[in-house]
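Asks: Listed here are the chains, written in short residue letters.
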Amino acid sequence: MGGIYALLGVGFSLTWGVMRVINIAHAGFGVLAAYIAYSLLEKTGLDPLLSLLISLPSFFFGGMILHRGLIRPITKARETIVASMVLTFGLAIVVENVMLWIWKADPRVLKPSYSGTAVFIGEVGLPIAQLVGFGLAAVGILLLYLFLNHTHTGKAVQATWQEKEGAALMGINLQKVSEIAFGLAIAAAGMGGVAMAMMYTFDPPVHNFWLIYMFLVVIVGGVGSILGTALAGLILGVITGLCMAFIPYQWINVLTFGLLIVVLLVRPQGLFKTGV
Amino acid sequence: MKRKLSWLILIFAFSLFFLYGGPAGAQQKPIVIGGSLPLTGVWAETAKVIQRGYEFWVEETNAKGGLLGRPVKLVIYDDEGKPDSAVKLAEKAITVDKVDLLLGGYPGTAARPVMPVAEKYKMVYVSMGGHMASFTQGYTYSFGAPPLMGEWWFLGAFQWLETFPADQRPKRAAVYIMNNPVGTALLSSIDEYTKKLGIQVIINEKYNLPLPSAEPLVMKAKQMNCDLFISGGVFPDGVMTVKAAKALKYNPKAYFQGVGSAIPAWTKELGEDGNAIVSGTSYHEKLNNPSNKMLIKRVKEKLNMDSVDTYFGFSVAWLQTLFAGVEGTKGLDQTKIRDWLRKNKVETVAGTFTFDAKGLPAPFTYTTQVVDGKIELIYPADIRSHKGIYPKPAWK
Numbered sequence: 003m004g005g006i007y008a009l010l011g012v013g014f015s016l017t018w019g020v021m022r023v024i025n026i027a028h029a030g031f032g033v034l035a036a037y038i039a040y041s042l043l044e045k046t047g048l049d050p051l052l053s054l055l056i057s058l059p060s061f062f063f064g065g066m067i068l069h070r071g072l073i074r075p076i077t078k079a080r081e082t083i084v085a086s087m088v089l090t091f092g093l094a095i096v097v098e099n100v101m102l103w104i105w106k107a108d109p110r111v112l113k114p115s116y117s118g119t120a121v122f123i124g125e126v127g128l129p130i131a132q133l134v135g136f137g138l139a140a141v142g143i144l145l146l147y148l149f150l151n152h153t154h155t156g157k158a159v160q161a162t163w164q165e166k167e168g169a170a171l172m173g174i175n176l177q178k179v180s181e182i183a184f185g186l187a188i189a190a191a192g193m194g195g196v197a198m199a200m201m202y203t204f205d206p207p208v209h210n211f212w213l214i215y216m217f218l219v220v221i222v223g224g225v226g227s228i229l230g231t232a233l234a235g236l237i238l239g240v241i242t243g244l245c246m247a248f249i250p251y252q253w254i255n256v257l258t259f260g261l262l263i264v265v266l267l268v269r270p271q272g273l274f275k276t277g278v
Numbered sequence: 017m018k019r020k021l022s023w024l025i026l027i028f029a030f031s032l033f034f035l036y037g038g039p040a041g042a043q044q045k046p047i048v049i050g051g052s053l054p055l056t057g058v059w060a061e062t063a064k065v066i067q068r069g070y071e072f073w074v075e076e077t078n079a080k081g082g083l084l085g086r087p088v089k090l091v092i093y094d095d096e097g098k099p100d101s102a103v104k105l106a107e108k109a110i111t112v113d114k115v116d117l118l119l120g121g122y123p124g125t126a127a128r129p130v131m132p133v134a135e136k137y138k139m140v141y142v143s144m145g146g147h148m149a150s151f152t153q154g155y156t157y158s159f160g161a162p163p164l165m166g167e168w169w170f171l172g173a174f175q176w177l178e179t180f181p182a183d184q185r186p187k188r189a190a191v192y193i194m195n196n197p198v199g200t201a202l203l204s205s206i207d208e209y210t211k212k213l214g215i216q217v218i219i220n221e222k223y224n225l226p227l228p229s230a231e232p233l234v235m236k237a238k239q240m241n242c243d244l245f246i247s248g249g250v251f252p253d254g255v256m257t258v259k260a261a262k263a264l265k266y267n268p269k270a271y272f273q274g275v276g277s278a279i280p281a282w283t284k285e286l287g288e289d290g291n292a293i294v295s296g297t298s299y300h301e302k303l304n305n306p307s308n309k310m311l312i313k314r315v316k317e318k319l320n321m322d323s324v325d326t327y328f329g330f331s332v333a334w335l336q337t338l339f340a341g342v343e344g345t346k347g348l349d350q351t352k353i354r355d356w357l358r359k360n361k362v363e364t365v366a367g368t369f370t371f372d373a374k375g376l377p378a379p380f381t382y383t384t385q386v387v388d389g390k391i392e393l394i395y396p397a398d399i400r401s402h403k404g405i406y407p408k409p410a411w412k
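If you're matching them up, the sequences are chains A and B in order.
The numbers in the working numbering rise by one with no breaks, and the one at position 252 of the first sequence is 254.
The numbers in the working numbering rise by one with no breaks, and the one at position 358 of the second sequence is 374.
Okay, chain A solo, but in the shape it has when bound:
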């Protein structure tokens, strides 16, 4: 669970860190990808993992177009963060209503062939759909990490994020880099959405819940830190699992968000904010 929130969170963290854009609609794109996977599974029997071959490129290029048309103008605003939150809040409402219009408000369940099966290690059962979701999250985070640290474009993204003017002086096309980063973030949201749908039911408004946990992992991990977000996600998952085993379930949210408050008090920059 934590790993999947981490995958959703890394793209959110990327746009926040690189562009100072808090994309409230981020999780909405995750739900949209879940619906696309659902429809492809229902209509053609295509496995949700394979549906990503269709949705990820679409989301990447869609994200770039969205950046050019909507996000770029507001990055010139004096208060980019506030302007982006207002703009993407509206975008989230549009995405949600489009989904309501196409798929209606009925909750959906992604049921690939391996749903309802588990691998048992002794008495402990590990549902395969969740393992697949976790694997997807791990692969997504790893790919993003490798891209940012081992490709020229990825390093340009990092440079833009660390020192915008310096990066521009070195000949980095800031707009292009921002577009790519936004496209990647939306594609990561899509991947995270499909991974989430392996575990949870979904309906158009569910992105609001997902957004809360995304904020949590990004703030705990450190804004802009891919590894930090991934580790924060894992910590969230471990805390939830351990809490569910040892304390009454209704205390889990208190403990989880209590942790957020402690982190904000002790390390407001996040637990792992040492770099990407």
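Hints were generated in silico from the structure; no laboratory data involved.
Don't take every hint at face value.
Stated by the list, open to error - With a straight-line cut-off of 27 Å between C-alpha atoms, the simulated BS3-like cross-links for lysine-lysine are:
(1) A:K45 / B:K412
(2) B:K212 / B:K222
(3) B:K64 / A:K106
(4) B:K89 / B:K138
Mind docking chain B on chain A? Use the hints.
Replies: Here is chain B on its own, set in the frame of chain A:
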């Protein structure tokens, strides 16, 4: 002279037509029923079913000559499911539109705050209400006909278990309830009947929505050998729990689910994994009372629908109750309607009700079970549409 006579005959004929020959009730001022439903937003799908039910019943009533010989007209505002909007719109309907009757709202979170408004303006309010707490505030103009009562939800399910010999009943229960007023409302019937049936409650836990993971819950129930699993949640957590139970090969003798399994999405989305799950309702299209049989027949004839949604039935029952009060008192005096409803039996598609001081019928629930992807009535025996499946078969 001839022309004058012709004019006189013509005027006389027109006068006769308007006095006696016009469509029934056409010259009468309509009885206006007003209120709000969440016609947009997340509750919109169900609200539109309720709206269709209201419109259908109003059309049926008008086709039979209306109410008190007057046509009935609906005024439905959109409250988006927001309680404060529902309150404002109820006030608007009463004070600005000056409606004759107040329309029942949905969901419970929006219906509940309208109940004090109805009390303030002394308007009879028939709706689902907002669980028992809303009916114990001393309101005298509100009626649940039928209500959606969490406190009664598992009554029928336990009464159904009671029909089996004691040695075949479950012995150990795992109870997981969502930590909100709807979830905790379920606990009273669980507590009462587990004691009555000698079922030991091994696990009794609450969880906050959204449920982070269902596996630990199910694993714990399996390890503690619980043979009755009570999942007192809604659709998302209910589905997660079923998926976890199947994956972890946990097979209790009986599996009770809260509100999640009584909606079409349950069978549509879960397929055969959703089978044999037991729940409750206060209306079902397969109820065999004369009023419901007539409704199903008319819906088939008029709308060419083979079945009706639960909430379609609810809305018809709410209007039937309101109209019974109007016809019973032969007027629109709200206090007289209220008093009439307190003293008389009301026949609705959901059953025949008499109301207590709280505005509620005697506690009841119809027990449902998902059988071959259909939501069937399994208890009480006299209304059942299918024999209940017990013990629950293992997951396939």
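Asks: Now tell me, hint by hint, if it's right for this structure.
Replies: Now for the hints, and whether the structure bears them out:
no.: 1; hint: A:K45 / B:K412; verdict: 23 Å, holds
no.: 2; hint: B:K212 / B:K222; verdict: 22 Å, holds
no.: 3; hint: B:K64 / A:K106; verdict: 12 Å, holds
no.: 4; hint: B:K89 / B:K138; verdict: 21 Å, holds
In summary, this structure violates none of the numbered hints.
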